[in-house]
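Using the sequences and the hints given, assemble the complete structure.
Residues 1 to 329 in UniProt numbering are what the sequence shown lists, from first letter to last.
Among the clues, some could well be false.
As the list claims (entries may be wrong) - Quick list of in silico lysine-lysine cross-link-like pairs, DSS-like style, CA-CA up to 25 Å:
id: 1; residue 1: Lys-247; residue 2: Lys-324
id: 2; residue 1: Lys-322; residue 2: Lys-247
id: 3; residue 1: Lys-227; residue 2: Lys-134
These are calculated hints, taken from the structure and not from any lab test.
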Amino acid sequence: MTSTPLESETRTEPAVGAAPQSDADPAGPRKPRKAGRQRAANPLANETRFGYIFVSGYVLLLLAFGIVPTLYAVFLSITENGVFVGIDNFVRVFGDYRFLPAVGHVTLYIVFWLISLIVLVVFLAIIVHSIRAKWLSVSIRFLYYIPGAIAGASSVMLWLFLLDPTVSPVAGLLRAMGYDSLIRTVSIDNLPIVFTVIAFWTGAGSWIVIMYGALNNISNEVIEAAKVDGANPLQVALHIQLPMMTKWISYMGIMSLAAGTQLFVEPRVLSQASRGVVPEDYSLNQLAYLYAFKQGDFSGSAAISITLLVVALALSTIFILKGKLFERD
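In C-alpha cells, the structure reads:
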C-alpha cells in the first residue's frame, strides 16, 4: 500500500548524528559506563592509605608515651591519694624553697642556650653555604654533625675531662682563666655557661645541617638578582636569606626550648662528679625527680611536670605565631 504525500511529509526523520536503534536492542541506547569502572583505582588513594599506615606507628607511640602519660600526670597533679584537691599540689610546690632557685637556673640556661644557638647556628650555616668548594662544604658539615651522634650522658662525661684542669687538653686555657680544679670550673655561677657550651657542642651540628638545607631551598635567581642590584653578602644574608629562613628558625627555637626545659642529665652527672658542688635540685626536672623518688610525692612531681609543660607550650606558641610556622608561602 503506498503512502500519501501527507504521510510522507509527517514522518519523523532521525536526528543527525543520533545512533540508529536496532531491532535487537528494544530497550534503546545503552547508558554509558561510569568512569570509575573504566579507570584503574586512583593512585592517590593508595598513597594516602600507605601514608596512614606509616603514620599509625608514630600515633600509637605518641598516645602510649605522650598523651596518656600527660593525662595521667594531670590527674596526679590535681589529686592526693585519689582525692580531688584542685590546685593544692601546685601551691605546695610553688612554696617550696627549692622551686624558685630551680626556675631561675633553668631560665638563665634557656636564655643563654637559645640566643647562642639561634645566632651561631644561622651564622655558621650561612658561612658553610657560601663555600664554593663542594668537598670542603661536605667535610665541614660532616664534622659539625659528629658530636650529635654522641649520647647525652657520654658527652657530659667527655666534658668532665675537658673541664678538669688536671687532665684537660686545654688545661693551659683554663688556668689562664683562673680555674685550677674541676670544683672551681663547675661552680654554681658558671653552670649556665657550662651547660650552654655542652648543649651547643652536642646539638648545634645537626641544626647547622638543617639550616643548610633551608638555605638550599632559596632560589638562586633571587640571590643573583640581589647581587646584580648591588647587594653585598651581608645584605643578602640580612634581607633575603634570614627572612626566608624564619620558619626554620622558629622550628629550631621550639625544639630547643623543649629540650632546654628538660635539663637533667648534665647537672645530675656534674653533681656526682663534683661531690655535691652542683646541687641535686639544680633544675626543675631534678626537683621533680626528688619529689617522686626521694620523697614519694608523685602528686608534687606531677605538678612540677605540668607547670613545665604549660610554660613550654606557651613559649612555643609565641614562636609559632611570630615565625608564622603554619602559614603557607
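Among the hints numbered above, which are violated by the structure, and what are their numbers in rising order? Nothing - there is no hint that the structure violates, so all of them hold.
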